[in-house]
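K.L.:
Just so you know, the protein sequences line up as chains A and B, in that order. Quick note, the first sequence lines up with residues 41 to 1229 if you use this note's numbering. Quick note, the second sequence lines up with residues 210 to 345 if you use this note's numbering.
It should be emphasised that the hints constitute simulated quantities derived from the structure, not laboratory data. A hint or two may mislead.
[Claimed, not checked] Example chain A residues on the side facing chain B (calculated, C-beta under 10 Å, incomplete):
| # | residue |
| --- | --- |
| 1 | 143 |
| 2 | 165 |
| 3 | 200 |
| 4 | 379 |
| 5 | 408 |
| 6 | 446 |
| 7 | 449 |
| 8 | 492 |
| 9 | 704 |
| 10 | 705 |
| 11 | 777 |
| 12 | 780 |
| 13 | 1176 |
| 14 | 1177 |
[Claimed, not checked] Partial list, computed: chain A residues near chain B (C-beta under 7 Å):
| # | residue |
| --- | --- |
| 15 | 364 |
| 16 | 365 |
| 17 | 368 |
| 18 | 407 |
| 19 | 413 |
| 20 | 484 |
| 21 | 485 |
| 22 | 487 |
| 23 | 816 |
| 24 | 865 |
All figures in this text were calculated on a predicted structure; none of them were measured in a lab. Note that beta-carbon positions come from the ideal geometry of N, C-alpha and C, so glycine has one too.
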Amino acid sequence: MEPDVSIETSCMIRIAVLPIGEITPSQFRDYVSMLDRHHKIDLSTINSFYTEHQKSPFSHQPWESGSLRFKFMIGGSPPSPWEDFQSNRKIHAVIGVCHCPSSPDLDSVIEQFQVACKPYSASIVHRCFAFCPADSQLEHDSKKEGSLIMFPPADRQTLEFHLQTIVQDIAASLLMGFEDWVLKAESGGTILKTPLDSQASLGSEEVIKAKKRRLGRAQKTIGDYCLLSGSPVDANAHYSTALELARLTGDYFWYAGALEGGVCALLIDRMGEKDPAVEDEVKYRYNSVIMHYRKSFIQDNAQRVSPLSFELEATLKLARFLSRRVQAKEVVELLTAAADGGKSLIDASDRLILYIEIARLFGTIGYHRKAAFFSRQVAQLYMQQENRLAAISAMQVLAMTTKSYRVQSRASIAKNRPQSEIDSDQADNSKMHHHLVVSLFESQWSTLQMVVLREILLSAVRAGDPLTGWSAAARLLRSYYPLITPAGQNGLASALENSAERLPSGTRCADPALPFIRLHSFPLHNSQIDMIKRNPAREDWWAGSAPSGPFIYTPFSKGESTNSCKQELIWIVGEPVQVLVELANPCGFDLIVDSIYLSVHSSNFDAFPISVDLPPNSSKVIMLSGIPTKVGQVKVPGCIVHCFGVITEHFFKDVDNLLLGAAQGLVLSDPFRCCGSGKLKNVSVPYITVVPPLPLLVSHVVGGDSAVILYEGEIREIWISVANAGTVSVEEAHLSLSGKNQDSVISIAYEALKSALPLKPGAEVTIPVTLKAWQLSSVDLDNLNRNSHGNVARQAKDGSSPLLMIHYAGLLNPGESSAYGRRLVTPLNICVLQGLSFVKAGLLAMEIPAHVGDNPPNVAQMDGGLTEVVDRSESKNDKLVKIDPYRGSWGLRFLELELSNPTDVVFEIGVSVQLENCNDKNTDLVDGHIEYDYPKTRIDRDYTARVLIPLEHFKLPILDGSFLIKDYSPNAPASSKSPSFSEKNMKAELDASIKNLISRIKVRWQSGRNSSGELNIKDTIQAALQTSVMDVLLPDPLTFGFRIAKSTTKVVTKPNSAEESDIQNKGSIVAHDMTPMEVLVRNNTKDTIKLSLSITCRDVAGENCLEGNKATVLWAGSLNGVKMEVPPLQEIKHAFSLYYMVPGEYTLLAAAVIDDASEVLRARAKCKLPDEPIFCRGPPFHVRVNGTL
Amino acid sequence: MTSTACFVIVSRNDIPIYEAEVGTAPKKEEAAHEHQFILHAALDIVQDLAWTTSAMFLKSVDRFNDLVVSVYVTAAIHTRLMLLHDSRNDDGIKSFFQEVHELYIKILQNPLYLPGSCIKSPHFDTKVRALARKYL
């Protein structure tokens, strides 16, 4: 059997084309390609080369329209035993092709050519083409012989023209040769035999039969030559004769042959016509051809030769003819019949050709699965031959079937598709439509696919093509791992390894093996390197970029987000980025990925490879990183993987489709699910833009980034160090606070950052921040109590800490439309622990009577003014508690705070009071403030302690009506106009003064060495003071003081000892002596007060000792009802004398009744009735009367 | 006498959703693969033939060597029941196909069955094999 047969084969002249001398295959192919164009030579063109030596036997030669057809047999072909039966099987001419520069000796070329021509005994014309001869070769005399034809070097067009002429010459020679042959045959004398004819010596009967048949066979052969000569009409005539003769002699084989020739003649004659009648005729005749070939089957030599191949060839010819007319059903029937016939073919190569032809014909009518089926049969036949070349053929044939079985190598897909399609595929990696996904998995007949891939692998191994083998094993393993046993998977893995060993390192393969890779996520920038689009129109360029408000979704921002349907991502030149991918190894062996990195085709990204080891049936999320190198777009279609010794590209899209298919039930298994990895949202590769470098600030808290643990109210300063880790300097930066508990940040050194700008790359700046821990709410406390103590981390994480935000940016280029700045968010991690807690607060009053001395202080300060510094040498700490015994303290009030310490550390409480120093001469402190510290109170853990805060220093120097009048005279016409206003005003002033008072009291605590803070006691104090604030704040209208008149002091002084002198210096009183004394009355108001003063003296028993029958003190001067008038803010002395008869302790009291009291005084005294007398009482003064020494 | 019979249900997407070797011949994997190759190749012919007739049972549509492919095409979603056999029992095959079709419809009515995905029901498998023993 011969390949590529068709009905027209009968009219083709076979010409062997042989390489002569030294010639490289590529050159030979090149020359042959020139020759190949001339397979059809019109008779009209050879007219000039044709000379009619005798009368042509082809009387109906169509010189105008006819043509000769050449079939170039490249490399020649072995002689066929059927040459007599079908003349077109003969080689009629031999053409040698010689490349002169590589074979300089033309004589030897001619010699070789002649040797090469020897086997082709039937050939009529011999020509040797010598291309590119040198000048010396051109002069060679052998060209006169005619068989060697020189083609002088020329351009291609000239060469082709030259060649055409020569071919036409050959055609003419052939035509003349055929004429000769026919004339010879007609005269009789040729014996035509086929292998079918009995080789045994012929019996007499047989000889007679053979003689009869000879004529018919000669007619048939002449018909063949007519056909070859391009004269179908002549051929038809001869065939008709032959048919008659063959029928008569029962020579069915030759009958069928003649019939076949007749059909060919018919077709050639009717070339170009589309007549359905011709088609029917051809079909009818060919069916009879097939039938007659079958009839000619002779049982006795069936073992040796059989006309079966001719029957099959005829079937294929008809099928080919019909396939051009797309008569699929008939073609299928014919081919099925041919395939059935193939079983009985003896020669394996015949069967090979048959199957090849069947596959081709099925392919022509579009039955690709059928074609693939027969191709596979062909491959199996090749594989049976067990040699390398056959294995290569098998591999190639199988490669052709891969498309039908849907197991193509990706390399072949890529080759067949236009580039634009691939691009769009890669660009559009968002959603795929359902039906598209389904179409991806169409015809996935896994059993067949696995078999085909295994066969490709086998043939590749046998053919020694490691790359194809690798690719097949990779496809097999990747797509069908669920159907392969672990042992089989291991086998494939070792097949991959073995193939890779034979490949040069760095080989790339289009088909990925394992692992499966899908995109996991693009980690968002962490808050440290957050990027913000700059709004160049605004000074605060970051405003509006971040979502404002508590809602994730806002209807106002919706419009923008729909415009860009795809997620966008911004990468920065020079800053490493990370992409998380998930790898899965669903197979039963350890998978070692030598390196894996992101595949980016836009050449502006440096990806960093990493190696991964995946245990059997496992999946792993890994982070792949890289650095964008240039501004522009970046597309990440997949990963490049170096695994099993070969580099492959894995596309995310493929795995996405696979997973979609698995979800539809179209694919065997989801590799990620079978590795135990959960279902993941389909992550699409966002649209990535690379922008120019930005500065990058990195912050850390000096001393560690862990949470600062503070007790409630604790104050601490921390330092935040900010460094520029980028490559661009920071040109502008803005500090702000956000988050909860912003008020816990007392101060930020804004200037520290501002003054450091521009912050060059690598530069660092430290920003001090003062923090004060907030109070825990009751909920927090509950939480704290519920959790065992020390669950600090949880508390720090719950987001109650304030955030320090720095918006910063580099230089804004004026041309840039979309510039970016950055935001650095530094959480000030504060963990607040429960500190001291209040139990209660109260106001205590205390009275300490003063001693009367000779050197009393200023009365103005006696009862509410400053506690005078008695001795400069005394330490300041003592000042507040030390009460001068000669002045006493009357109406001293303490704020008592009861604090409990639930913590496990010791606290020390210190109270300090800040005072406005109204007494100018004492100011030696800055800002007119004096601070007094009380000794520290220590509170042990789990104890409760009280802290006293003296409130003695807050009395106003003047009793001013502004507070009181309006309050207590609501009916006054002056205020009736706007009572609510004045009332409000008054209250506001009152509140202000209370606040002022409170703000001056600071309760500080200290615990350990470095935690200290302040208790927030404002509310408590306010609550405690609310009722008695008047008493605390306002001075009495009159203050009284006693002293010994100076003139007598010296007399009693007796400097005995230091102690005594001390006492005497203070002025002691001796019994039985007239002691001149003075009472000082001070008016604290702004009005003149008229009053009547009374003085009493009591002994220790509290009896009045000035009056009555038991009076022990004699007196001179007036003591009762002394009328006096005190000018505003002045004091008046009133002198008197006392004579103590009994030594001991006495108490002097001064009291006054104010006449014509003003509203202010009435208000201060809180008297209800308008005419009630106002009584003022001074504090008691102690007088110690010593006995006579 | 041993018989070969390979039964396959091919979904609309040309994916086999059910495969069974129901013949009495001893099972060989190689042979099973060959059977499936023949069935796969026959799809080309079925594809054309299905549009030329209104009958669901297409009888034998293809053959290779001694094996014949009979096909039954369902109306609803173009699922093809294909049987590769070496016996010539058209009536039995037709009954077999009709009953398997009923079973297939029951499978389709399962709300948990995704049309076009593999039929993994062991019950279905048992029934089909029983039918094959009965008719083929």
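K.L.:
Which earlier hints can't be squared with this structure?
P.N.:
As far as the earlier hints go, 1, 2, 3, 7, 11, 12, 13, 14, 15, 16, 23 and 24 are violated by this structure, in ascending order.
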